[in-house]
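If you count the sequence shown from 1, position 124 lands on 124 in the working numbering, and the numbers rise without skipping.
Any given hint could turn out to be false.
[Claimed, not checked] Pairwise CB distance ranges (calculated):
1. Glu396 with Glu522: 49 to 57 Å
2. Ala91 with Gln285: 26 to 34 Å
3. Ala427 with Gly510: 23 to 31 Å
4. Arg622 with Ala87: 28 to 36 Å
5. Gly510 with Glu563: 51 to 59 Å
6. Glu396 with Arg331: 28 to 36 Å
7. Arg335 with Pro212: 26 to 34 Å
8. Ala91 with Trp514: 49 to 57 Å
9. Pro656 with Arg335: 44 to 52 Å
10. Pro656 with Arg622: 32 to 40 Å
Hint data in this document are derived by calculation from the structure and do not stem from the laboratory.
In this text the structure is predicted, and so the values were computed from the model without any measurement.
All C-beta atoms in this analysis are idealised placements derived from N, C-alpha and C, irrespective of residue type, glycine included.
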Amino acid sequence: MANRKTAKKPARRKAAKKHGRRAASTDRTPRRWPIRLLLFVLGAGLGLLGPWVVYLDREASVRFAERQWTQASRLYARPLELHVGRAIAPADLELELNAAGVTENEPLLPGRWRKRGSRYTIALPEVRFADGIQPPVTLRVLLDDGAVADLSDADGRALDLARLPPAELGSLLPMDDRDRTLVPIAEFPTLLVAGVQAVEDRQFRHHHGVDPRAILRAALRNILSRDIVQGGSTITQQLVKNLFLTSEQTLVRKFNEAIMAISLEARFSKAEILEAYLNDVYLGQDGNQAIHGFGRAAEHYFGLPVRALSTDQIALLVGMVRGASWYHPTRNPERARARRDLVLTVFRDTGLIDEAEYERARTRELGADVRDLAPSRAHPAFIDLVRRQLRADYREADLRVQGLKIFTTLSPSAQHHAERALAQGLAEVEREAGVLQGAIVLAQPDSGEVRALVGDRQVRRTGFNRALDARRQVGSILKPFVYLLALAEPERWTLVTPVEDAPLSVPQAGKPDWTPRNYDGESHGTVPLLDALARSYNQATVRVGLAVGIERLFILLQQLGVEPGGERHPSALLGAVDLSPLQVAQLYQALAAGGYSTPLRAITDVVDPADGAVGRYPMRLRPIRERDALALLDFALEDAVTRGTGRSLAGQLTQPAARRTTIRGKTGTTNDRRDAWFAGFTERWLAVVWVGRDDNRPAGVSGATSALPIWARLFDDLPHAPTARQWPDTLEWFWIDWPQPLLAEEDCAAARAVPFAAGSQPTDYSDCVRRGFFDRLRGD
Numbered sequence: 001m002a003n004r005k006t007a008k009k010p011a012r013r014k015a016a017k018k019h020g021r022r023a024a025s026t027d028r029t030p031r032r033w034p035i036r037l038l039l040f041v042l043g044a045g046l047g048l049l050g051p052w053v054v055y056l057d058r059e060a061s062v063r064f065a066e067r068q069w070t071q072a073s074r075l076y077a078r079p080l081e082l083h084v085g086r087a088i089a090p091a092d093l094e095l096e097l098n099a100a101g102v103t104e105n106e107p108l109l110p111g112r113w114r115k116r117g118s119r120y121t122i123a124l125p126e127v128r129f130a131d132g133i134q135p136p137v138t139l140r141v142l143l144d145d146g147a148v149a150d151l152s153d154a155d156g157r158a159l160d161l162a163r164l165p166p167a168e169l170g171s172l173l174p175m176d177d178r179d180r181t182l183v184p185i186a187e188f189p190t191l192l193v194a195g196v197q198a199v200e201d202r203q204f205r206h207h208h209g210v211d212p213r214a215i216l217r218a219a220l221r222n223i224l225s226r227d228i229v230q231g232g233s234t235i236t237q238q239l240v241k242n243l244f245l246t247s248e249q250t251l252v253r254k255f256n257e258a259i260m261a262i263s264l265e266a267r268f269s270k271a272e273i274l275e276a277y278l279n280d281v282y283l284g285q286d287g288n289q290a291i292h293g294f295g296r297a298a299e300h301y302f303g304l305p306v307r308a309l310s311t312d313q314i315a316l317l318v319g320m321v322r323g324a325s326w327y328h329p330t331r332n333p334e335r336a337r338a339r340r341d342l343v344l345t346v347f348r349d350t351g352l353i354d355e356a357e358y359e360r361a362r363t364r365e366l367g368a369d370v371r372d373l374a375p376s377r378a379h380p381a382f383i384d385l386v387r388r389q390l391r392a393d394y395r396e397a398d399l400r401v402q403g404l405k406i407f408t409t410l411s412p413s414a415q416h417h418a419e420r421a422l423a424q425g426l427a428e429v430e431r432e433a434g435v436l437q438g439a440i441v442l443a444q445p446d447s448g449e450v451r452a453l454v455g456d457r458q459v460r461r462t463g464f465n466r467a468l469d470a471r472r473q474v475g476s477i478l479k480p481f482v483y484l485l486a487l488a489e490p491e492r493w494t495l496v497t498p499v500e501d502a503p504l505s506v507p508q509a510g511k512p513d514w515t516p517r518n519y520d521g522e523s524h525g526t527v528p529l530l531d532a533l534a535r536s537y538n539q540a541t542v543r544v545g546l547a548v549g550i551e552r553l554f555i556l557l558q559q560l561g562v563e564p565g566g567e568r569h570p571s572a573l574l575g576a577v578d579l580s581p582l583q584v585a586q587l588y589q590a591l592a593a594g595g596y597s598t599p600l601r602a603i604t605d606v607v608d609p610a611d612g613a614v615g616r617y618p619m620r621l622r623p624i625r626e627r628d629a630l631a632l633l634d635f636a637l638e639d640a641v642t643r644g645t646g647r648s649l650a651g652q653l654t655q656p657a658a659r660r661t662t663i664r665g666k667t668g669t670t671n672d673r674r675d676a677w678f679a680g681f682t683e684r685w686l687a688v689v690w691v692g693r694d695d696n697r698p699a700g701v702s703g704a705t706s707a708l709p710i711w712a713r714l715f716d717d718l719p720h721a722p723t724a725r726q727w728p729d730t731l732e733w734f735w736i737d738w739p740q741p742l743l744a745e746e747d748c749a750a751a752r753a754v755p756f757a758a759g760s761q762p763t764d765y766s767d768c769v770r771r772g773f774f775d776r777l778r779g780d
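Whole structure, please, built from the sequences with the hints as guidance.
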């Protein structure tokens, strides 16, 4: 029994163990299958996500390494040069300063100016010109009687020359319409670099692309606020989103962003990532141009290079990172100021600035320093000329990607005067409001540099550029070139050569005879050549033109840089030639420059982003052979504005300096009074004005009553420094018994001093000479 019992126990134990293991196995099965499922899901997830993570890692690293920042090519006006004796009105100096982004404000920080009486103190930041860098300087400029009377630096040292920063005119947009100015990280202000990290990502130097604590902190605040009030993105994540992703708020996008941020941190230095961020962060909009990076934002909002920003300006831009539109300093100034002050508080609390600087920065005004302009739309006609001249030398893709600095010839103050003169002048001369249109080209004749160009009475309107594309008949404005050809033959023609102003008929092959008529419908008999030009007699001009040859006139126009085109019709002698205002200005440039022809230009230098010269646009002077003839024509064109068709000009000038200046010019009026022209010049200025209708219908205009008053309005506003005229040594002066081609003496009643090419003067004497001779004998 005992043995049997003993024998059965092991069997029961085995059975118990067997059943126990089965029971235990049965108990553990419900707890083990979720783990297996989780492992399966994780394995499947890694299998699926692994390739995606690898793809994101590769995309982030490759695209960041191969990124090519697109940077607009930027256009600048000519820098204003100041020196003692420089003619400039106070209003013009202030306009030039403001156009250059140098504003009137206190305290006198870089990029600001102040005025005390007639003395200006101008604090300039470092400026990059086409030929190098001008270090920061504070100028003291004294103006007196419309000119610079004294020029010195802050320490009172006299300066021979100082240049103001060139005004920014606009840009040639990159392909993606993102406008930026690339700045190396070493050139950013230390406060800006540290301040961005203090406000946007304090753990930037310690995390590896993602900051878990920041994510948890942001999530907690968003849950408590029941809204998205804080983000946990690092600077690296923000950069990834800007460069590679969209702004949609989804978990997938955040996952991609995190993976790519970690990838960048693993392969690139913190400095490289931070430099990219500072150059790419979105900071506003200028029309259709998106402003990216602190370099461009500093120029746009303050007109300063980023390295010249003050503490309060840095705080404003750093604050705008959170929302450039929401904190826009001109559209939402109160909101922007509050945000700026909050950033200043962060700067103080993190030890970036001390309490004194914090208080100073908080008290500074916000709006006075903000530059919310759209310069690219300010002078569309002139920028159109720049674009056309650039296309001759550069590919369009180069202009839009390379970030060139294009220095132009535009004078902001002269452009302002030209725009105002055209708009106000047309309003005064037109009979029907809004019907007339016009154009102005203003240049400096010696250099051929275009200082102002207006192609529409609505100066900011883009589209048809009348200064370049309105090819209209020029009328009498072409006559001086007929007379230039005649005066180039001194053995045949002089200023006193008699010309018959009487009816004539010009035969034409297969057409009726051409019978030109004078503007006033009258014939004036025999007149001196000088009067025929000054009084613009058509019949006399045709006789002179037929004598010198129509073909020679067209060859001369081509030599002066203008292709007139069209048929060599005799009516071309009276201006039946279609030219644009710019082409007319090109013709007159040689006359105004004393016989040195040079192409009119709107560009002086093109510089690449590294400040290396890419191209220069130097003057190309070509002397005209007919130097004596040009001087004689110069005398005749002065007569045209004192005794001829432009004699009303003197009465329309009010500025003393303008009235003292010797002006030469010619009016032009076409058939049915469709087009009105005036071209006038001095040693310093050349301006051409056209007035007419776009539909080419009769407009009731004339050169003397429509175009000349606009020219006078413009000329009256320009700075002038009258200079003594230099006549060629080869000219000889004689007294003439006007209007007869006879030699006279000074005391003859009609005596007039007239220049002649050597040996071409009359040989016969007037009776007044003999009478004077016998009167003197009796007196003895």
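For each hint, the structure was consulted:
no.	hint	result
1	Glu396 with Glu522: 49 to 57 Å	56 Å, holds
2	Ala91 with Gln285: 26 to 34 Å	32 Å, holds
3	Ala427 with Gly510: 23 to 31 Å	46 Å, violated
4	Arg622 with Ala87: 28 to 36 Å	29 Å, holds
5	Gly510 with Glu563: 51 to 59 Å	26 Å, violated
6	Glu396 with Arg331: 28 to 36 Å	33 Å, holds
7	Arg335 with Pro212: 26 to 34 Å	32 Å, holds
8	Ala91 with Trp514: 49 to 57 Å	51 Å, holds
9	Pro656 with Arg335: 44 to 52 Å	51 Å, holds
10	Pro656 with Arg622: 32 to 40 Å	36 Å, holds
Checked against the numbered hints listed earlier, the structure breaks hints 3, 5; every other hint is satisfied.
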